[in-house]
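Here are the chains, one letter per residue:
There are 2 protein chains.
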Amino acid sequence: MYMKHKRIPDETIRRLPLYLRGLVFLLQEGHLSVSSEKFGDYVGVNSSQIRKDFSYFGEFGVRGVGYDIRKLAIEIKGILKLNEIHKAALIGAGNLGSAIISYPGLQLYGFDITAVFDNNTHKIGKKIRDIEILDVAKLGILKKKNIQIGIITVPRNAAQETADALVKAGVTGILNFSPCYIIVPKNVKVITIDIAGYLARMPYYITAG
Amino acid sequence: MYMKHKRIPDETIRRLPLYLRGLVFLLQEGHLSVSSEKFGDYVGVNSSQIRKDFSYFGEFGVRGVGYDIRKLAIEIKGILKLNEIHKAALIGAGNLGSAIISYPGLQLYGFDITAVFDNNTHKIGKKIRDIEILDVAKLGILKKKNIQIGIITVPRNAAQETADALVKAGVTGILNFSPCYIIVPKNVKVITIDIAGYLARMPYYITAG
DNA sequence: AATTACTTGTGCTTGCGTTCACATGCACAA
DNA sequence: TTGTGCATGTGAACGCAAGCACAAGTAATT
Ligand SMILES: NC(=O)c1ccc[n+]([C@@H]2O[C@H](COP(=O)([O-])OP(=O)(O)OC[C@H]3O[C@@H](n4cnc5c(N)ncnc54)[C@H](O)[C@@H]3O)[C@@H](O)[C@H]2O)c1
Ligand SMILES: NC(=O)c1ccc[n+]([C@@H]2O[C@H](COP(=O)([O-])OP(=O)(O)OC[C@H]3O[C@@H](n4cnc5c(N)ncnc54)[C@H](O)[C@@H]3O)[C@@H](O)[C@H]2O)c1
Chain E
1 MYMKHKRIPD ETIRRLPLYL RGLVFLLQEG HLSVSSEKFG DYVGVNSSQI RKDFSYFGEF
61 GVRGVGYDIR KLAIEIKGIL KLNEIHKAAL IGAGNLGSAI ISYPGLQLYG FDITAVFDNN
121 THKIGKKIRD IEILDVAKLG ILKKKNIQIG IITVPRNAAQ ETADALVKAG VTGILNFSPC
181 YIIVPKNVKV ITIDIAGYLA RMPYYITAG
Chain G
1001 MYMKHKRIPD ETIRRLPLYL RGLVFLLQEG HLSVSSEKFG DYVGVNSSQI RKDFSYFGEF
1061 GVRGVGYDIR KLAIEIKGIL KLNEIHKAAL IGAGNLGSAI ISYPGLQLYG FDITAVFDNN
1121 THKIGKKIRD IEILDVAKLG ILKKKNIQIG IITVPRNAAQ ETADALVKAG VTGILNFSPC
1181 YIIVPKNVKV ITIDIAGYLA RMPYYITAG
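Each protein sequence line maps, in turn, to chains E and G. In case it helps, the working numbering puts the first sequence at residues 1 to 209. In case it helps, the working numbering puts the second sequence at residues 1001 to 1209.
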């Protein structure tokens, strides 16, 4: 893959999964190629923004024609390192955790939740979607299983200790749904999704005055 | 409330719920006042960023002393229009929808999901957390109930039609969990949370090379 | 070969957001 | 009343991101 020497904006990285998803669905709808203009309308991003985002990584389109959807999707998968399956572990098999385990949408990006943990003795040993819930004390097996990604869906007050345990088990990427700031070594990436926080902005936007 | 004439950055609005949450939890831990430095460490934001964010709305602190947590929380609630309870409707009582209905964390910001809809005849009439699931065909009652906020947790291919129905029912703010771009009139605010998209960035960050 | 229609890739401008650095102001003590 | 310590509030500098506008390149037609 041809690579530019420029710094890549983090906002660009943030949009790439959105683009990839859009391309996959366009393919499913029977399209084979698309212009930046049409694609921009489809995913809700300005067309020159899209062209610029791609330009950081190479020249993926054909002037006067547009982009080959299949080819572009492969390029983006490569950039995001989504070419191979990524195994992930989920800690906290509660309401949200169960929903995420059952969510087929993660497959689109090549993710597979292959290990689930909890500390509730009533839940340990049971299964969700054919995956047995394990005792969180056995988190150490992630190293053996070579799992690098952890998803935290435990209550807020258990989030930091869970993160610590994940790091100890060799995890280098954490997706955190608990509404709190988590401290990790700087070689570990944490992405926190604060669902309630998104909703909390709504009244500001929709209330007159 | 004293108001500056400056334009307020959207990123500032995005951080306010985070601040409010941090303040509430600090209060629960017994603190009464906090400095921007300490608070910054607590929520994971640079301290001068915090001071600047507040400065768009007034002078909430005391020089040499810090911020009165209770007072600051009230100010932020006022800015975000979270002083009164906001009723919300949720469409799609599936895995994710059920988790969100059961989530107590929305109360912190004053949200109350008072109406739930689905189109599955097996679900209509049943209850989740004492809330009866209604037929989505009856979405029109939102106008009578004066509900302004809708939460979409239906499958992707039903998201746009659900949004259309919500808009028709008078909703002006939509929190959308479906992985797709939704088109609405410009007096309606849509916030889309693409959970899988967050996870999809992880391999880029944690993979060497 | 020349013309037309179309769309990409990108230099440049503009705008937005973050961080620095310090003057300002408060509290408390001597 | 003066001095010391501390933390806020903000102008100014910096850095990052978005969008414009057009040259460059492709395809199809005459
Ligand atoms: N439910 C939602 O829609 C929602 C929305 C936004 C954020 N969240 C956040 O996600 C997290 C989980 O929410 P939930 O509604 O699924 O809660 P839940 O109580 O249904 O589930 C939490 C699970 O974690 C387990 N657990 C508790 N402590 C543990 C520990 N130390 N180690 C391992 N497992 C442990 C519990 O046994 C339980 O199964 C919370 O932090 C919550 O704030 C939830
Ligand atoms: N489950 C997750 O963890 C998760 C994560 C990220 C995104 N999402 C997204 O959230 C949405 C819901 O996911 P889910 O896992 O809860 O799916 P689900 O299938 O469990 O639930 C969907 C619900 O919507 C109902 N429904 C379908 N069409 C409808 C219509 N036209 N009107 C009203 N109700 C309708 C169904 O009867 C069902 O109860 C999907 O768009 C999914 O992509 C889910």
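Hint data in this document are derived by calculation from the structure and do not stem from the laboratory. Just so you know, even glycine gets a beta-carbon here, dropped at the ideal spot from N, CA and C. Each hint should be verified, as a subset may be incorrect.
To be verified - Some but not every residue of chain G turned toward chain E, in silico, with C-beta under 8 angstroms: (1) L1018; (2) K1038; (3) F1057; (4) F1060; (5) V1062; (6) S1098; (7) T1114; (8) I1141; (9) G1173.
Claimed, not checked - In the DSS-like style, the derived pairs of lysine-lysine whose C-alpha atoms are separated by at most 30 angstroms in a straight line are: (10) E:K127 to G:K1123; (11) E:K38 to G:K1186; (12) G:K1123 to E:K123.
Verification of the supplied hints:
1. L1018: Holds: closest Cβ of chain E sits about 6 angstroms from G:L1018, inside 8 angstroms.
2. K1038: violated, 13 angstroms
3. F1057: violated, 12 angstroms
4. F1060: Given a least distance of 17 angstroms, the restraint on G:F1060 is violated.
5. V1062: violated, 25 angstroms
6. S1098: holds, 7 angstroms
7. T1114: violated, 14 angstroms
8. I1141: Constraint on G:I1141 not satisfied, violated at 19 angstroms.
9. G1173: At about 4 angstroms, which falls below the 8 angstroms cut-off, the nearest Cβ of chain E leaves the hint on G:G1173 intact, so it holds.
10. E:K127 to G:K1123: Within the cut-off at roughly 24 angstroms; holds.
11. E:K38 to G:K1186: holds, 20 angstroms
12. G:K1123 to E:K123: holds, 26 angstroms
Checked against the numbered hints given earlier, this structure breaks hints 2, 3, 4, 5, 7, 8; the rest are met.
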